[in-house]
Amino acid sequence: MTKSIAIVTGAAGDIGAAIAARLADDHDVVLLADIDAAGASAVASKLGPDDRFVAAGCDVTSEASIAELVRCVANAGVVRTLVNNAGAARATSLHETTPEIWRADNALNLEAAFLCFRAFEPMLKASKGSVVNIASVNGMNVFGHPAYSAAKAGLLHFTRLVAVEYGKFGIRSNAVAPGTVKTQAWEKRAAANPNVFEEARRWYPLQRVVDPQDVANAVAFLAGPLAAAISGVCLPVDCGLTAGQAELARTFSQSEHY
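Residue numbers (the numbering used here): 29 to 286.
Be careful, since some hints might not be right.
Below 20 angstroms or equal to it, Euclidean Cα-Cα: the simulated SDA-like pairs (lysine to any residue) are [claimed, not checked]: (1) K210 <-> T120; (2) K31 <-> R80; (3) K216 <-> A117; (4) K74 <-> P240.
Worth flagging that the hints you see were computed from the coordinates, not collected in a lab.
Bear in mind that the values here come from a model prediction, so they are computed numbers and not experimental data.
Just need the whole structure built from these sequences, with the hints factored in.
This is the structure:
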């Protein structure tokens, strides 16, 4: 029997690792790709046996590196799910954003998803597979990190482009837009400022920030059969942030209006 494969980029990080673990419920093999090959290997070994969790070093901004990744899985089974999760944010303000940062953020957060999709396009056509792009609430509203945000906004449009053009091949394309996610990066901020999560959660209607498992569950849903008729959508996983900011709502509700 042909094995089903899920590919997760940026899998050495907390969100990627959670997605990889969750997709193993519905796929025979999960390939964890990351520019940090040692980190991906460490995650894979923690998740389970090496015949189910396979680590691979890959620079998703490099066509040559992605081509090597394609060769790695060519005879291993059928790619049913591609999760474009690799991403990073650099400068926090537009004034601090240099041309180099602008190009680097767009290369990693937008162009890489295009390159990976085109590379795995034949396999996804064969499986009538699913693409899930990890975007961000930053691509929907202005929350800082301008180059990253512009790239994520582009990623949302790219998601729709794939859904419209490749739907005739049975390929579904969707995006997940997380809000603040409690990852190791945020734990480091908490070490410097113990109140960081308390300060962040007041902006969220659910009064908490997102856990990596929340993102992983959304990805598994969009990639799976329960979402068979869903394509071209962005699913915010943001504890209600984009519905409206709780702190502002409380402020206005306590104000006198005329």
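Cross-check of the supplied hints:
{"no.": "1", "hint": "K210 <-> T120", "result": "19 angstroms, holds"}
{"no.": "2", "hint": "K31 <-> R80", "result": "10 angstroms, holds"}
{"no.": "3", "hint": "K216 <-> A117", "result": "16 angstroms, holds"}
{"no.": "4", "hint": "K74 <-> P240", "result": "16 angstroms, holds"}
In this structure, none of the earlier numbered hints is contradicted; all agree with it.
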